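A.B. asks: Residues per chain are reported as follows:
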Amino acid sequence: MKAKGTVVLGVDPLIIHDDYHIEYHHSYAQDSPFFVGLSQGKLRGSRCSACGYTFATPRAHCMECGAPTEWIDLPLTGRIHTFTTCYYGGELFLEETPFTLILVEFEGINTLFLSRLKGCDPSTVRIGQPVVARFAKTPSFKVTDVWFEPTGP
Amino acid sequence: MRPVYMISGGITKFAKAHPRKDFRLMVKEAYDYALADVPRLTKEMIDGAVGSYFSDHFTRQLKAASMVQDYLGLCPKPSKRVEGGGATGGLCFQSAWEAIASGRMNCCVAFGFETMSRVNTWKGNEFIALASDTNFDFPVGGFYTGYYAMMVQRHMYEFGTTVEQMAMVSIKNHTNALYNPYAQKAKRLTIKDVRESPMVATPLTMEDICVMSDGAAVCILASEEVAQQVCHRPVKITGVGSGSDAMRMADRPRGKVILLPHESEADYRHLHYPGVHSFRGGRMAAKLAYEMAGITNPLEELSFVELHDAYTSSEIQTYEDLGLCRYGEGGQFVESGAPFMASIEYGLELPDQGRLPVNPSGGLLACGHPVGATGLMQAVFAFWQLQGSIEKHLGNDQLQVPNPKRGLIHSHAGTGTYITVSILEACE
Ligand SMILES: [Zn+2]
Numbered sequence: 826m827k828a829k830g831t832v833v834l835g836v837d838p839l840i841i842h843d844d845y846h847i848e849y850h851h852s853y854a855q856d857s858p859f860f861v862g863l864s865q866g867k868l869r870g871s872r873c874s875a876c877g878y879t880f881a882t883p884r885a886h887c888m889e890c891g892a893p894t895e896w897i898d899l900p901l902t903g904r905i906h907t908f909t910t911c912y913y914g915g916e917l918f919l920e921e922t923p924f925t926l927i928l929v930e931f932e933g934i935n936t937l938f939l940s941r942l943k944g945c946d947p948s949t950v951r952i953g954q955p956v957v958a959r960f961a962k963t964p965s966f967k968v969t970d971v972w973f974e975p976t977g978p
Numbered sequence: 074m075r076p077v078y079m080i081s082g083g084i085t086k087f088a089k090a091h092p093r094k095d096f097r098l099m100v101k102e103a104y105d106y107a108l109a110d111v112p113r114l115t116k117e118m119i120d121g122a123v124g125s126y127f128s129d130h131f132t133r134q135l136k137a138a139s140m141v142q143d144y145l146g147l148c149p150k151p152s153k154r155v156e157g158g159g160a161t162g163g164l165c166f167q168s169a170w171e172a173i174a175s176g177r178m179n180c181c182v183a184f185g186f187e188t189m190s191r192v193n194t195w196k197g198n199e200f201i202a203l204a205s206d207t208n209f210d211f212p213v214g215g216f217y218t219g220y221y222a223m224m225v226q227r228h229m230y231e232f233g234t235t236v237e238q239m240a241m242v243s244i245k246n247h248t249n250a251l252y253n254p255y256a257q258k259a260k261r262l263t264i265k266d267v268r269e270s271p272m273v274a275t276p277l278t279m280e281d282i283c284v285m286s287d288g289a290a291v292c293i294l295a296s297e298e299v300a301q302q303v304c305h306r307p308v309k310i311t312g313v314g315s316g317s318d319a320m321r322m323a324d325r326p327r328g329k330v331i332l333l334p335h336e337s338e339a340d341y342r343h344l345h346y347p348g349v350h351s352f353r354g355g356r357m358a359a360k361l362a363y364e365m366a367g368i369t370n371p372l373e374e375l376s377f378v379e380l381h382d383a384y385t386s387s388e389i390q391t392y393e394d395l396g397l398c399r400y401g402e403g404g405q406f407v408e409s410g411a412p413f414m415a416s417i418e419y420g421l422e423l424p425d426q427g428r429l430p431v432n433p434s435g436g437l438l439a440c441g442h443p444v445g446a447t448g449l450m451q452a453v454f455a456f457w458q459l460q461g462s463i464e465k466h467l468g469n470d471q472l473q474v475p476n477p478k479r480g481l482i483h484s485h486a487g488t489g490t491y492i493t494v495s496i497l498e499a500c501e
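Line order of the protein sequences matches chains A and B. When we follow the working numbering, the leftmost residue of the first sequence carries the number 826, and every step to the right adds one. When we follow the working numbering, the leftmost residue of the second sequence carries the number 74, and every step to the right adds one.
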């Protein structure tokens, strides 16, 4: 993604300036620590305080039992659960095609994380391939502040 | 709950663009067609309406269903809008069913529409992708074809499903549509044609994906008393079910299969379910609808299916959710020829051709997918099938399933977030 300056309107919760024809003051609310974490090179998930279920994409309450979750640091390495290379896309992303989407699985974590795979030939991508997280040097406070690259075949 | 009947239906031709008609006029055309089919039904007998359209962005008009309500002359009768992504039409149909079943109404109009032509295809794809999590999914490259491509990659990995099997779905639905004048994109294709058309998101090509449409559809539902009074051949709605799943595919659990009566736990000892390869909400919808309709073996007890084939891959995934075959066998199911029409030539070797026709109309792949109308379009085709009136409405009888007893319609949103299944039966 092209680097774009992001206007930060508040930090607790983290509120950034976003636009989609309409201008929003978009609050990440209870998910804010995840996006702050990306700016510090951390990938933060959730663990249920009651049943222990773990979420690679964070949520403040457990989807299984409803109890509050606590923040955990995810490993920065995982494996490709599934993938695709997009040659077309929504208008906002057309200029970035082709790009590769992956769902990442992490050892010992119950759910997955959607991200982009960079730094490789799309034709070599396969399910089970090991990947490592990379972080944007200049944060946009968006989920694209993290992406993955292969560490092996 | 009272018995509920469908007594009439109407659709506009689905087209890439209807620049001369706004959404009100498209619905009006479908509505007038439906009314003409039941001339004894008077306006006084209609108690209210439910309207459906997916996106306020496409319409560039909030409260658009109110504008349809007044255009149809149905004010001040009760009305509301139902919205549930791609399942909008199916949810609208079931909402009208609820109005009759509860006794609140004796006759209810379900109308749906979408005007997708007013933005370019890629802006349209962006609008649709806004129906994915806008914090965690959309910014990564929000594109529904990409999401479905990831699902089928996993389906191929788990079960050995092939792109050639997916291409067979495309051939089937586009060929069926040659006999459906309402369809947008009918044509003959080969496996090679499908695979060599432009790649959109690996492994899905342009011919694996439905197109955007302008169109409208109307269903009229009624109590037994009204149905007997005005309709010579009503169709009974004997089962409704719906289900849901987490908005983000990444959040789908990997647990146990929700079993249908003809399945056992031993069938799925090693399957982590639903993962990203199956639609748990679709299985739940089917299970509830089958229970209400008393269906224990869908492959044996259904005469045809109209399902939400936004992608060739999702038709294969849905065979499994509906229990037409076991999980993992969807690819073999299409290869067997079972979901093809018995009397149509497809240019393929099909050993079990026509056992249970799926998408005789051509489905979304060939009819088009004007979102709010789609689930209702399926109901209209199913209604005409069960009435035995396909020839009257399509101008030819090629797509008439012989002596159909029971049909299933299936409407599907997001990556499987809302799904409806309804069962319709011919009356003796
Ligand atoms: Zn829990």
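Keep in mind that the hints were calculated from the coordinates and are not lab data. On a predicted model such as this, the values are computed, not experimentally measured, just so you know. Careful, some of the hints might be misleading.
[What the hints assert, rightly or not] Pairs of lysine to any residue residues, derived as SDA-like cross-links and limited to a Cα-Cα distance of at most 25 Å, are as follows:
{"id": "1", "chain 1": "B", "residue 1": "LYS329", "chain 2": "A", "residue 2": "CYS890"}
{"id": "2", "chain 1": "B", "residue 1": "LYS265", "chain 2": "B", "residue 2": "THR235"}
{"id": "3", "chain 1": "A", "residue 1": "LYS867", "chain 2": "B", "residue 2": "LYS329"}
{"id": "4", "chain 1": "B", "residue 1": "LYS86", "chain 2": "B", "residue 2": "LEU251"}
A.B. asks: Give a verdict on every hint.
C.D. replies: Here's how the hints hold up against the structure:
1. B:LYS329 to A:CYS890: 17 Å, holds
2. B:LYS265 to B:THR235: Answer holds: B:LYS265 to B:THR235 is near 13 Å, not above 25 Å.
3. A:LYS867 to B:LYS329: Cα-Cα ~33 Å, so violated.
4. B:LYS86 to B:LEU251: 14 Å, holds
In summary, the structure is inconsistent with hint 3 from the numbered list given earlier, while agreeing with all the others.
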